[in-house]
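Colleague: The listed protein sequences correspond, in order, to chains A and B. Using this note's numbering, you'd call the opening residue of the first sequence number 1 and step up by one each time. Using this note's numbering, you'd call the opening residue of the second sequence number 1 and step up by one each time.
Just so you know, the hints here were simulated from the structure itself, not pulled from any lab data. Note that CB positions come from ideal geometry on N, CA and C, so glycine has one too. A few of these clues could be false.
What the hints assert, rightly or not - Listed next, with one range per pair, are the computed distances between beta-carbon atoms:
no. : chain 1 : residue 1 : chain 2 : residue 2 : range
1   : A       : V149      : B       : D95       : 57 to 67 Å
2   : A       : V149      : B       : T38       : 52 to 62 Å
3   : B       : P89       : A       : E90       : 49 to 59 Å
Unchecked claim - Here are a few chain B residues that face chain A, going by a calculated C-beta distance under 7 Å:
no. : residue
4   : N7
5   : R18
6   : L313
7   : Q315
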Amino acid sequence: SGEAFNVGRFLEETSPYAWAGTGIGLCIGLSVLGAGWGILVTGSSILGGGVRSPRITTKNLISIIFCEVVAIYGVIIGIVYSAKLQHVPENLLYTPHNYYTGYAIFWGGITVGICNLLCGIAVGITGSTAAIADAADPNLFVKILIVEVFGSIMGLFGLIVGLLMVGAAGDFTAAASVSPHVL
Amino acid sequence: MEALFFNANTGFLEGIVRGYKAGILTQSQYANLAQCETLEDFRTQLSATDYGNFLANEPLPISTSTIADKATELLVEQFKYLRTNAVEPLRKFLDYITYGYMIDNVVLLITGTLHERDTHELVKRCHPLGVFDSMPVLCVATNVDELYQSVLIETPIAPYFRECLTASDLDDLNIEIIRNTLYKAYLEDFYNFCTTLGSPTSDVMHRILSFEADRRTINITINSFGTELSKETRAKLFPTIGRLFPEGNNQLARADDIEQVRQVCENVSEYRSFFSEGPSVSNPNGDEFGALAAQLEDRFFSTEVDLNKQAFLQQFQYGVFYSYMKLKEQEIRNLTWIAECIAQDAKDRIQDYIPIF
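Isolated chain A, as found in the complex (with noise of 0.2 Å):
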């Protein structure tokens, strides 16, 4: 005969440490992704034009800096999230209050991290029309720039939402005595 998955039980004994390490790998994990992604985008088109019009190379760089400003971001979160793992028995692990932290954490580190992923891709895609625009005409640069600046406004609403969904939410700690229902 088969196996019935037991949602409640999977919830219940899966370790809050699972999912708070989860949320920040996946927290810098994207963010790094994003970042990365928006720097290749980037980048190819600001070498490719600043071939010749080499003026461009300087200036544009600043777009390769919003683009990393994001991958810092993912790592600031993910500081400020592994300050609550702190070390715990496990027979005194299965509190109430560390089961939030767990997936307060969790899910943080998933919104951070594809808010960044989405901020440091548009953040590229516009850098490397600006760089090929600059190398056209320089007077639309600081144009284009205005778009890029809104649109690294992104990562930093991630952020914030990321901290506050981990304010409420204290480092994972000893529960009083030993529970009754833990095996």
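With the hints as your guide, set chain B onto chain A.
Modeller: For chain B alone, coordinates are given in the frame of chain A:
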């Protein structure tokens, strides 16, 4: 979605080709060139542009054909740089651009052989972007079948010859039919290839290739008035891409004079203005048909330039590579025209080039 992955392989080359495009001569530079008195002045003016000192080593007096040849050499260098740095599918796209030149070279060699010109002279006159190995062997063949079996089957344009194998002997009319059949097969093949590349390359290229097809259809129709070309043969030469396909093509196949051609073109709003009465070209022998044909050619060229300029408005697509080649060729035609006018002291017609930017 194309913006996510395009730059990984093609971002650098797109930047390079847009840099090349920034070097295309503008109206003010053409104005300076048109004011030159001699070809030496012309050369000095050109050295201030992206052309640089390309004529520096030429002995005086410079001839206009040297100017055209050297300018084409520059373009070929640029194209080769792009092609060596390209990966699939851009490499295949750039190869498709060369097939057009290959067809021209093949027809040039066959025609030259028919008129018994020297093989080496002919090979030197071939367009450098359309060369393939075994080109001189083309000069010894006498009919298309032999041509195909011995030489052409190894070239990339071999599939285009399937339609032509029925032409049994080579004479001047048949050569033109062969050229047009090959070009029709090439255009349709290129069109289908661009469809596989997906949007936005396909959007940009379809527009450009459709116009090319319609232009050839109209030209074939007009050029066949008064010749022995039967209407069925004429209809088989029309490409099946293009905005005049299928009703326009059918009507043009049955057309007998320019009035009917004009009526067919009324159906497509962009083509209506081709036949309207414009500022008449000063034609000394009063040949109205010739004047109209010249005016039509000019209008075709300026529409082509417009479509190619529009290709640069979109990023992350391959159309910019094709459009750059076409715009640069137009620029070389313009330079040759201006140089000829200077050399022959015909300053009244010097403004008849097609401005690009």
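Colleague: Can you name, in rising order, the numbers of the hints this structure does not satisfy?
Modeller: Numbers 1 and 6, in rising order.
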